[in-house]
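These protein sequences, in sequence, are chains U and L.
1 is the number of the first residue of the first sequence in our numbering; add one for each residue after it.
1 is the number of the first residue of the second sequence in our numbering; add one for each residue after it.
In case anyone wonders, no lab produced these hints; they're calculated from the structure.
Owing to the predicted nature of the structure, the values given are computational and were not obtained by experimental measurement.
Check the hints yourself; a few may be wrong.
Straight-line Cα separation of at most 27 Å, BS3-like style, residue types lysine-lysine; simulated pairs [what the hints assert, rightly or not]:
id, chain 1, residue 1, chain 2, residue 2
1, U, K3, U, K99
2, L, K57, U, K99
3, L, K57, U, K3
4, L, K53, U, K99
5, U, K3, U, K69
6, L, K70, U, K69
Listing some non-contacts, in silico: residues in chain L with all C-beta distances to chain U over 10 Å [to be verified]:
id, residue
7, Y35
8, L45
9, G108
Which bits of chain L does chain U cover? Going by a derived footprint, with three or more residues having C-beta under 8 Å, they are [stated by the list, open to error]:
id, region
10, 62-68
11, 75-87
Just so it is clear, CB atoms sit at the ideal spot from N, CA and C, and this is done for glycine as well.
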Amino acid sequence: DAKTTQPNSMESNEEEPVHLPCNHSTISGTDYIHWYRQLPSQGPEYVIHGLTSNVNNRMASLAIAEDRKSSTLILHRATLRDAAVYYCILLLSNFGNEKLTFGTGTRLTIIP
Amino acid sequence: DAGITQSPRHKVTETGTPVTLRCHQTENHRYMYWYRQDPGHGLRLIHYSYGVKDTDKGEVSDGYSVSRSKTEDFLLTLESATSSQTSVYFCAIRAGTGLNTEAFFGQGTRLTVV
Chain U
1 DAKTTQPNSM ESNEEEPVHL PCNHSTISGT DYIHWYRQLP SQGPEYVIHG
51 LTSNVNNRMA SLAIAEDRKS STLILHRATL RDAAVYYCIL LLSNFGNEKL
101 TFGTGTRLTI IP
Chain L
1 DAGITQSPRH KVTETGTPVT LRCHQTENHR YMYWYRQDPG HGLRLIHYSY
51 GVKDTDKGEV SDGYSVSRSK TEDFLLTLES ATSSQTSVYF CAIRAGTGLN
101 TEAFFGQGTR LTVV
């Protein structure tokens with residue numbers, strides 16, 4: 001299965017942009033890049049996903065490299081509520097069955 | 001919020017007893033997943049289902065079995081619970097109309113095996 005690599009932890013100041021990197025050098029042409037985050041004592045929640053083009057939604061932006069071997073989740077203006085573990089995941093089709101496998105994620109700390 | 005409910009939310013059981021966790025959805029989604037999360041770790045996939053009676057193993061399936069006899073319910077069974085299965089268990093659902101659909105997660109079940 002294709003794997004993702006993320007830094008274990010990152011810190012950012014409140015109200016500043018945050019760029020969370022993810023490497024996925026073994027990505028296949030049809031694999032989607034998904035991002036989820038997990039707040040303390042909660043289940044993961046969906047953030048954003050994309051295939052080739054950059055994507056924006058109300059929570060974040062996703063910048064995908066042209067060769068698709070890496071991507072960056074962008075939080076435009078971090079708040080204390082954004083402190084969480086962020087997971088970059090490749091959603092891949094396994095002979096038509098779609099596995100959703102998590103890596104270790106990046107723990108984001110927001111500094112007031 | 002996506003219609004996904006896990007039960008029970010908390011359970012303490014003794015080593016060697018069978019335990020069944022239930023994941024129930026009201027969304028009619030095709031895919032359902034069971035994960036476990038241990039302190040300081042990410043989520044590890046146990047089993048998943050891609051339709052009624054269609055299931056497959058994940059990364060850590062040993063000691064676990066699953067069943068899906070109807071679309072809305074996905075059951076995770078520990079046939080003989082061990083202390084190493086003490087964990088927080090999460091269920092997730094996805095529409096499964098392609099890779100372009102997101103997953104929704106339940107609030108988790110905290111299982112303690114003593």
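Report task. Tell me if chain U covers the region 75-87 of chain L under the three-residue, 8 Å CB rule, please? Result -> violated (count 0)
Requested in this report: Decide, holds or violated, for the assertion that all CB atoms of chain U are farther than 10 Å from the CB of Y35(L).
Outcome: 7 Å, violated
Requested in this report: Mind checking the alpha carbons of K3(U) and K99(U) for me, to see if they're no more than 27 Å apart?
Outcome: With Cα atoms ~12 Å apart, K3(U) and K99(U) stay inside 27 Å; holds.
Query raised in the report: Taking only the CA atoms, is the gap from K57(L) to K99(U) under or equal to 27 Å?
Result: 10 Å, holds
Query raised in the report: Okay, the region 62-68 of chain L and chain U, do three or more residues pass the C-beta test at under 8 Å?
Result: Coverage by chain U is violated for the region 62-68 of chain L (0 residues, Cβ < 8 Å).
Query raised in the report: Between K70(L) and K69(U), does the CA-CA distance stay at or below 27 Å?
Result: Not OK: K70(L) and K69(U) at ~39 Å, beyond 27 Å, violated.
Report task. Compute the least Cβ-Cβ separation between L45(L) and chain U, then decide whether it is above 10 Å. Result -> 5 Å, violated
Query raised in the report: Are the Cα atoms of K57(L) and K3(U) separated by 27 Å or less?
Result: Status holds; Cα separation ~18 Å.
Query raised in the report: Would the pair K53(L) and K99(U) pass a check requiring their Cα atoms to be no farther apart than 27 Å?
Result: Status holds; Cα separation ~17 Å.
Requested in this report: Compare the distance between the alpha carbons of K3(U) and K69(U) with 27 Å, and conclude whether the hinted pair is satisfied.
Outcome: 11 Å, holds
Query - Interface exclusion of G108(L) relative to chain U, criterion Cβ beyond 10 Å - result: With a cut-off of 10 Å, G108(L) comes too close to chain U, as the shortest Cβ separation is near 5 Å.
Checked against the numbered hints listed earlier, the structure breaks hints 6, 7, 8, 9, 10 and 11; every other hint is satisfied.
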